[in-house]
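Participant: Reassemble the complex: the two chains are provided individually, in unrelated frames, and hints are given to aid placement.
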Amino acid sequence: MTVARFWRDISSRYNLYGTKCAACDRIYFPVRQICPECRRSSIGKMERYKLSGKGKVYSFSVVHDAPPQMSVIRPYAVAIVEMEEGVKVTGQLVDVDLEDIDIGMSVEAVLRKIGDEGPDGVINYGFKFTPRLD
Amino acid sequence: MDVGIVSYGAYVPRFRITPTEIGRVWGQDGKAMGKGLFINGKSVPSPDEDVITISTSAARSMLRRVDVNPADIGALYVGSESHPYAVKPTGTVVAEAIEASPELCVADLEFACKAGTAGIQMVMGMVGSGMIRYGVAIGADTSQGAPGDALEYSASAGGAAFLIGREDIIARFNGTLSFTTDTPDFWRREGQPYPSHGGRFTGEPAYFKHVGEAARRMMDRMGTSPGDYNHIVLHQPNGKFPQRMASMLGFSNEQVTRGLLTPMIGNTYSGAVPLGLAAVLDVASPGERILVVAYGSGAGSDAFDITVTDAIKEFNRAAAPTIDGLMENTRELDYATYAKYRGKILMKG
Ligand SMILES: [Zn+2]
Numbered sequence: 078m079t080v081a082r083f084w085r086d087i088s089s090r091y092n093l094y095g096t097k098c099a100a101c102d103r104i105y106f107p108v109r110q111i112c113p114e115c116r117r118s119s120i121g122k123m124e125r126y127k128l129s130g131k132g133k134v135y136s137f138s139v140v141h142d143a144p145p146q147m148s149v150i151r152p153y154a155v156a157i158v159e160m161e162e163g164v165k166v167t168g169q170l171v172d173v174d175l176e177d178i179d180i181g182m183s184v185e186a187v188l189r190k191i192g193d194e195g196p197d198g199v200i201n202y203g204f205k206f207t208p209r210l211d
Numbered sequence: 005m006d007v008g009i010v011s012y013g014a015y016v017p018r019f020r021i022t023p024t025e026i027g028r029v030w031g032q033d034g035k036a037m038g039k040g041l042f043i044n045g046k047s048v049p050s051p052d053e054d055v056i057t058i059s060t061s062a063a064r065s066m067l068r069r070v071d072v073n074p075a076d077i078g079a080l081y082v083g084s085e086s087h088p089y090a091v092k093p094t095g096t097v098v099a100e101a102i103e104a105s106p107e108l109c110v111a112d113l114e115f116a117c118k119a120g121t122a123g124i125q126m127v128m129g130m131v132g133s134g135m136i137r138y139g140v141a142i143g144a145d146t147s148q149g150a151p152g153d154a155l156e157y158s159a160s161a162g163g164a165a166f167l168i169g170r171e172d173i174i175a176r177f178n179g180t181l182s183f184t185t186d187t188p189d190f191w192r193r194e195g196q197p198y199p200s201h202g203g204r205f206t207g208e209p210a211y212f213k214h215v216g217e218a219a220r221r222m223m224d225r226m227g228t229s230p231g232d233y234n235h236i237v238l239h240q241p242n243g244k245f246p247q248r249m250a251s252m253l254g255f256s257n258e259q260v261t262r263g264l265l266t267p268m269i270g271n272t273y274s275g276a277v278p279l280g281l282a283a284v285l286d287v288a289s290p291g292e293r294i295l296v297v298a299y300g301s302g303a304g305s306d307a308f309d310i311t312v313t314d315a316i317k318e319f320n321r322a323a324a325p326t327i328d329g330l331m332e333n334t335r336e337l338d339y340a341t342y343a344k345y346r347g348k349i350l351m352k353g
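As they're listed, the protein sequences go chains A and B.
Residue numbers for the first sequence follow my numbering, so the first one is 78 and each next one is one higher.
Residue numbers for the second sequence follow my numbering, so the first one is 5 and each next one is one higher.
Since the hints were derived computationally from the structure, they do not count as laboratory data.
Since we're looking at a predicted model, the values are computed, not measured.
Be aware that a few hints might be false.
[Said to hold, decoys possible] Rough simulated footprint, nothing fancy, chain A against chain B, three-plus residues with beta-carbon under 8 Å:
no., segment
1, 51 to 60
2, 97 to 107
[What the hints assert, rightly or not] With a straight-line cut-off of 27 Å between C-alpha atoms, the simulated DSS-like cross-links for lysine-lysine are:
no., chain 1, residue 1, chain 2, residue 2
3, A, Lys127, A, Lys97
4, B, Lys344, A, Lys190
5, A, Lys190, B, Lys352
6, B, Lys92, A, Lys190
7, B, Lys348, A, Lys190
8, B, Lys35, B, Lys244
9, B, Lys348, B, Lys35
The beta-carbon is built from N, C-alpha and C at its ideal position, and this holds for glycine as well.
If we strip away everything but chain B, and leave its shape as in the complex, we get (with noise of 0.2 Å):
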């Protein structure tokens, strides 16, 4: 039987802040930044928002429009590079908060901005094998760039949640397959609370090649060529990579627009694929189809090729916010708040 998305949810926090507004601190050009990376603006988290709470409002959206037991979820997997805690899971408060807890298999996982597909890919497998009749996988990043750096004009906050099933799915997987070397281009080690980079490296060997890869195996094994799809969904560090990597793949600027949230919220790690697939089935029609690649820094790609269903007109999308609707009621932060909501000022005690 075959194997799809039943429901999906979204989040972003509703605070922004402007490259322009960066660069003022820093002495840079933040509105050339801005212009070479294709981002007006980046969401930032209240100070009372980390990765469970984000987690926690994208899967309840994601429960709330569709009529589904919690108690019949069988796994829930948090993928981030930005868990509250070293140790102690994400994945036991979200399900708690959805009321899925206890009987589920639950963890957190981590591979740079493609965690959440990497749990996608794992529930998949559960659900395709029937162990499991629902299972949620969720992507989600409050991701932090040091002050001053590059990174800070990009790294934001965002995420959503998947429930993947077999019954009235909205959206089916028609395959999956990942792209996966060791590529040291983006690094945080233990401990250290902004993460390092290798500078142009993280271009051509490691974002390119490997997303290239794994979208050109992913149309190799499915026959099909980029005239197939009507969306693509690529990983956004940024807003240029996916548009030159589209392009690259023989994909037309139309295709990937839709998926493509950078250029408004900037770079949310591990909830970029997920809400750039979020913002696709938000206006989806039976029949079309996607093409989706996440990237991972260390490196590695996953792709799904992905169906449409007839289900989804039947799909009570306006029971949670749609990905327009979160880009709507927004406020623009100085760089002063925006030090202090994420902590970039040192207290006392």
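This is chain A alone, in the form it adopts within the complex (with noise of 0.2 Å):
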């Protein structure tokens, strides 16, 4: 991925910042210029926002046959995580181990390294999720 692709992304990436639609209140992760609900009555009532971060665990899958960079932590998990705004978020499972993630487990994204450009290339960021203590 471009370094300017990841940049302008970042406020989704960092903090969850996804669409609601003025029309009909639904949300949407990633951003997005229109509400397919709604379509053309969602013209200019899209509004930023953001994700509390907070989720359960709507199904997962931990992954064997890993990218050559992530071959550090195989293997991992992935999982849809339904968020508390009813949005469906797809991301890393992280400090947890893996015959303790659940159906239904409750999560909370945090920051953490999602990839580099090699030794000499930039440091992407991004949320990944962990369990919550609640």
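Facilitator: This is the structure in structure tokens:
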């Protein structure tokens, strides 16, 4: 991914900014320009909306056949998280033993390194999910 | 108007490795090393953690405990000797991640292990002069010792963030001073992966002289003696130095214990005194007085005289993990996994 492309998404990647359709109150992540439900009537009504970062594991999968950059942490888990706001967000699960992951487990977003462009490249940061004690 | 701590937050990675396990690999009596250093384990960052993510976690915990608009933060300084980039600030990512951007002063600071407390002093000045309403000072590190070196038993990872201001302060700064000389006890040249140290030179003319002088001068200036303090938080490259220093200054073991985390997590370098102070604030009651002395090789010490205020009773500590909470749910690593996580294994390509 190019530096510029990652940089444009920083508010989503660091702070889970998505979009709320003021016409129907639906929340979207990542950012959308138009509400697929309201279509033309959502034009001009799409607002920046920050997710709380809290949610529950909706589904997950353990990745064994990892890309080279992820081989240091393999095997690792990727989850679809149903956020408090109802929208589903995909992210890596960290700071949890793989056998302890359950559907419905409470998680929250934290900032972690997502990857880098080699030892002389830019480091990309973004959200991952950790278990939430509540 | 008084300047003080409005909030604080701490972060320590979840992984640990024991001196016994390190000694097993290097043919040393790790258990005896651990006992000599008074270190039972050290924290290890996950491969996706660095000073930027540790600082962000600490700063987010700090903000969760208070109702402060991040846009009112006028300065953010991150002190570390393991900033992820040689050129490109840590602070810009942290400021963006806590939504304090864009109208604020940001800089990364370096002074071995005391860059975080240097940041506290800078922010105190800016807040006290009215230049800014709130400022954030963070001390964090993911330090490395060369494989097989004595430093490998202690060098660990963690950090804490402090929100400094004039309103609703939970702890007041009564005073601060620094004691600084040119003393080459520990260094790392640009481009070198691991630091070097002056062996025994790191003790008497370095740590003990600077921490001792700063503590004595602080008490002289405040007209206090060891009995006036409930806690003393000292830089803790190992568990032994701060105990010996405190005793040399006339403090009891009870006054040192709460702010002494190195026996559990190792030496978090720039994170050490900030984390020790966080551990004390986790349990402190109104009126308690704390003497804090950081140390940075090279060399210098920053001293702070702090009194906890009544506002700590209303302070929402439970909104973020306490130091005790960060000591739970840890996972022990074997040396091979530790070496892989810390990039000590040479990979192809
Ligand atoms: Zn809509």
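Participant: The structure should be examined with respect to each hint, and the outcome stated for every one.
Facilitator: Outcome of the hint check:
no.: 1; hint: 51 to 60; verdict: holds (count 7)
no.: 2; hint: 97 to 107; verdict: holds (count 4)
no.: 3; hint: A/Lys127 x A/Lys97; verdict: holds, 9 Å
no.: 4; hint: B/Lys344 x A/Lys190; verdict: holds, 16 Å
no.: 5; hint: A/Lys190 x B/Lys352; verdict: holds, 21 Å
no.: 6; hint: B/Lys92 x A/Lys190; verdict: holds, 16 Å
no.: 7; hint: B/Lys348 x A/Lys190; verdict: holds, 18 Å
no.: 8; hint: B/Lys35 x B/Lys244; verdict: holds, 15 Å
no.: 9; hint: B/Lys348 x B/Lys35; verdict: holds, 23 Å
Violation of the numbered hints given earlier is absent; every hint is satisfied by the structure.
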